[in-house]
Amino acid sequence: MSREHKQAPYDFNLIAELVPVGSRVLDLGCGDGTLLEKLYLERRAFIQGIDIDPVMIQRCVEKGVPVVQGNLDWVLQDFNDSSFDVVILSQTLQVVKKPDFVLQHMLRVGKKAIVSIPNFGYWVNRFQLFFLGQMPVTKDLPYAWYNTPNIHFCTITDFRHFIKNQGWKLNAEYFLRSGKLTKMPMPNLFATDLIAIIEK
Amino acid sequence: MSSAKQRAYQLWTVPKDMLPFQLESGEKLHELEVAYHTFGSLNEARSNAVLVLHAFSGDSNAMKWWYTMVGPGKPIDTDKYFVICSNVLGGCSGTTGPASINPQTNKPYGFSFPIPSIRDMVRVQALLLDHLNVKKLIAAIGGSMGGMQALEWAKTFPDRLKSSIVIASTTRLSPQNIGFHVVGRNAIMSDPNWNGGDYHEHGGPKKGLSIARMLGHITFLSEEAMYEKFGRKVRKHGRNSPLSFGEEHEVESYLWHQGSKFVERFDAATYLLLTKTMDYFDFSDGYNSLEEAFAASSCDFLIISFTSDWLFPTEQSRDMYRALLRAKKSVTFSEIETNKGHDSFLLPNPEMEDLVRAYLEARR
Numbered sequence: 101m102s103r104e105h106k107q108a109p110y111d112f113n114l115i116a117e118l119v120p121v122g123s124r125v126l127d128l129g130c131g132d133g134t135l136l137e138k139l140y141l142e143r144r145a146f147i148q149g150i151d152i153d154p155v156m157i158q159r160c161v162e163k164g165v166p167v168v169q170g171n172l173d174w175v176l177q178d179f180n181d182s183s184f185d186v187v188i189l190s191q192t193l194q195v196v197k198k199p200d201f202v203l204q205h206m207l208r209v210g211k212k213a214i215v216s217i218p219n220f221g222y223w224v225n226r227f228q229l230f231f232l233g234q235m236p237v238t239k240d241l242p243y244a245w246y247n248t249p250n251i252h253f254c255t256i257t258d259f260r261h262f263i264k265n266q267g268w269k270l271n272a273e274y275f276l277r278s279g280k281l282t283k284m285p286m287p288n289l290f291a292t293d294l295i296a297i298i299e300k
Numbered sequence: 009m010s011s012a013k014q015r016a017y018q019l020w021t022v023p024k025d026m027l028p029f030q031l032e033s034g035e036k037l038h039e040l041e042v043a044y045h046t047f048g049s050l051n052e053a054r055s056n057a058v059l060v061l062h063a064f065s066g067d068s069n070a071m072k073w074w075y076t077m078v079g080p081g082k083p084i085d086t087d088k089y090f091v092i093c094s095n096v097l098g099g100c101s102g103t104t105g106p107a108s109i110n111p112q113t114n115k116p117y118g119f120s121f122p123i124p125s126i127r128d129m130v131r132v133q134a135l136l137l138d139h140l141n142v143k144k145l146i147a148a149i150g151g152s153m154g155g156m157q158a159l160e161w162a163k164t165f166p167d168r169l170k171s172s173i174v175i176a177s178t179t180r181l182s183p184q185n186i187g188f189h190v191v192g193r194n195a196i197m198s199d200p201n202w203n204g205g206d207y208h209e210h211g212g213p214k215k216g217l218s219i220a221r222m223l224g225h226i227t228f229l230s231e232e233a234m235y236e237k238f239g240r241k242v243r244k245h246g247r248n249s250p251l252s253f254g255e256e257h258e259v260e261s262y263l264w265h266q267g268s269k270f271v272e273r274f275d276a277a278t279y280l281l282l283t284k285t286m287d288y289f290d291f292s293d294g295y296n297s298l299e300e301a302f303a304a305s306s307c308d309f310l311i312i313s314f315t316s317d318w319l320f321p322t323e324q325s326r327d328m329y330r331a332l333l334r335a336k337k338s339v340t341f342s343e344i345e346t347n348k349g350h351d352s353f354l355l356p357n358p359e360m361e362d363l364v365r366a367y368l369e370a371r372r
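Residue numbers (this note's numbering), protein chains in the order written: chain A, 101 to 300; chain B, 9 to 372.
Just so you know, not all the hints are guaranteed correct.
As the list claims (entries may be wrong) - Taking lysine-lysine and the DSBU-like style, the derived pairs with C-alpha atoms no more than 35 Å apart in a straight line are:
(1) Lys264(A) to Lys163(A)
(2) Lys336(B) to Lys138(A)
(3) Lys269(A) to Lys336(B)
(4) Lys163(A) to Lys269(B)
(5) Lys72(B) to Lys163(A)
(6) Lys115(B) to Lys264(A)
(7) Lys138(A) to Lys143(B)
(8) Lys138(A) to Lys170(B)
(9) Lys239(A) to Lys264(A)
(10) Lys163(B) to Lys197(A)
(11) Lys284(B) to Lys115(B)
(12) Lys144(B) to Lys300(A)
(13) Lys88(B) to Lys163(A)
(14) Lys284(B) to Lys163(A)
(15) Lys163(B) to Lys138(A)
(16) Lys269(B) to Lys82(B)
(17) Lys144(B) to Lys138(A)
(18) Lys198(A) to Lys336(B)
(19) Lys82(B) to Lys24(B)
(20) Lys163(A) to Lys115(B)
(21) Lys211(A) to Lys215(B)
(22) Lys284(B) to Lys269(B)
(23) Lys115(B) to Lys211(A)
(24) Lys211(A) to Lys170(B)
(25) Lys138(A) to Lys82(B)
(26) Lys163(A) to Lys336(B)
(27) Lys115(B) to Lys336(B)
(28) Lys88(B) to Lys138(A)
(29) Lys280(A) to Lys264(A)
Claimed, not checked - To give an idea of the interface, some chain B residues facing chain A are shown, with a C-beta separation under 8 Å as derived from the structure:
(30) Glu209
(31) Asp308
(32) Leu333
(33) Thr340
(34) Ser342
(35) Ala370
It should be emphasised that the hints constitute simulated quantities derived from the structure, not laboratory data. Just so you know, these numbers come straight off a predicted model, no measurement behind them. For glycine and all other residues, C-beta sits at the position ideal for the given N, C-alpha and C.
Here chain A stands alone, though its shape is the one from the complex (with noise of 0.2 Å):
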């Protein structure tokens, strides 16, 4: 439940986009604390991050990052109602044990989510499970399926149906084709990730 630096950084530019200045931020599964600190530096943000990993909790201190120690699937009741005006899941939610959970409770602590997910319908990973009758390896998913921390894949069609049958807003969608922005239709084959804010 951790970020390494190069897993993910090519959202960062966009998502720190969307966070509007002098917000209050709250990003699970923080990792090393880059995105945090960008935040905090370029939108004048209120940061606080969590994460699992020991590793990550020096590297936020090492940056000033305020960062709590804590499992995504329970942590979150830790959490104030509406707390924060935006919390933040990137490359995270495939590797909770209850993304429902998560989700629910991200759209209570704050106004706003930001999540970016890995699209599992990407037509590389449906070409590999059809014709090799294999599950995915790619450069953006390099796990084997015995060791990967990716529990929960979904593609950006289960995505938004899951966002329409929890009653919530899905306010915006972008897509990326390994780290940039695409604007080519049918995005569920062609792009490797989306990234969506959502509201209640």
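Given the coordinates of chain A, assemble chain B onto it according to the supplied hints.
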């Protein structure tokens, strides 16, 4: 207290015009001396001070008892920081306490010394900082009872520190913690040499104090650490004890050793008073919630707990960071994996050392 024998610490006599010092209990001290150590030097901007707060049985010589943390090149680096540590009010290592002479009776206070609160201790430390010309601290840092003082600093003097570092501590004792203190105090007061607390001129309740300390040491270790340290090894001993069966378990000799070493340096009345100080400490006293108690604080917080500390378990640290988050404070919390129990904060622990080093560095 002005004994002629050589002492390692410096002694500051609080000037008459700042006295009497009134404790939270309402009682007044008409004379007050503070024993302290400083390490490193204060920079020109007077902006590099770190206050180290000792635990129950500590003293002002932080470089000795916290050798893993304080010193040149150590996490609380005396080449960079001006490190201050003073013996607490009511202590027995130089600062005015039960062994000091009560100016009104010309005899040691003994048991009549008022029970200081954690806030009283912190207020005395603030006077010392004024005396040392230190306005603002980079951090107030301490473990166990030292952590309680670090918390109190954030509440009582919010403008005087950038950060509060609270290690293996709690915002209030559990009934289990208090229970252990009760047994310790009873051991002391059952000793015939306790003499109602009037013992400073003859001997003192050494047996009782030693038993209290033995109990304490059990609570400082974890079950696993005790297995590691002693196993079930048995050895012969030559000591004359009423329980002598010619041999004893390793753990028994350890506890005897700790107990008898302790009575040479610690005062029984201080033991009684300071355990009471901790029993009474409740950070949220006078507030509706812990969250409210933190409201006036403006510093950053670093909270550290240890997985095998069953005296002040992680859950007590979680209560702290939860309240701080709710009070919208900036908080860092880390639970460090170790099997060394409550004692962990005094032992070498690379993870704790790295965290504190980086935390201070980021605020320098």
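Quick check on Ala370(B) please, does its C-beta sit within 8 Å of some C-beta on chain A?
holds, 4 Å
Hint consistency between Lys138(A) and Lys170(B) [alpha-carbon to alpha-carbon, up to 35 Å]:
holds, 22 Å
Assess, step by step, whether the Cα of Lys211(A) is no farther than 35 Å from the Cα of Lys215(B), and give holds or violated.
This hinted pair is violated, its Cα atoms lying about 62 Å apart.
Just to be careful, I want the Cα atoms of Lys269(A) and Lys336(B) compared with a cutoff of 35 Å; is the pair within it?
holds, 27 Å
Within 35 Å, alpha carbon to alpha carbon, are Lys264(A) and Lys163(A)?
violated, 38 Å
Given pair status - Lys264(A), Lys115(B), alpha carbons within 35 Å:
Violated, at roughly 79 Å.
Pair hint outcome, Lys115(B) versus Lys336(B) [Cα-Cα no greater than 35 Å]
violated, 50 Å
Is Lys115(B) close enough to Lys211(A), meaning Cα to Cα at most 35 Å?
Between Lys115(B) and Lys211(A) the Cα gap is close to 65 Å, so the pair fails against 35 Å, i.e. violated.
Given Glu209(B) as an interface hint, is the shortest Cβ-Cβ distance to chain A below 8 Å?
Glu209(B) check fails; min Cβ-Cβ to chain A is 51 Å, beyond 8 Å.
Given pair status - Lys336(B), Lys198(A), alpha carbons within 35 Å:
Judged against 35 Å, a Cα distance of about 26 Å means the pair holds.
Please check whether Ser342(B) passes as an interface residue: C-beta within 8 Å of a C-beta belonging to chain A.
Because about 5 Å separates Ser342(B) from the closest Cβ in chain A, which is inside the 8 Å limit, the hint holds.
Restraint check for Lys269(B) with Lys82(B), where alpha carbons must lie at most 35 Å apart
holds, 28 Å
The earlier numbered hints that this structure contradicts are 1, 4, 6, 10, 12, 14, 19, 20, 21, 23, 27 and 30.
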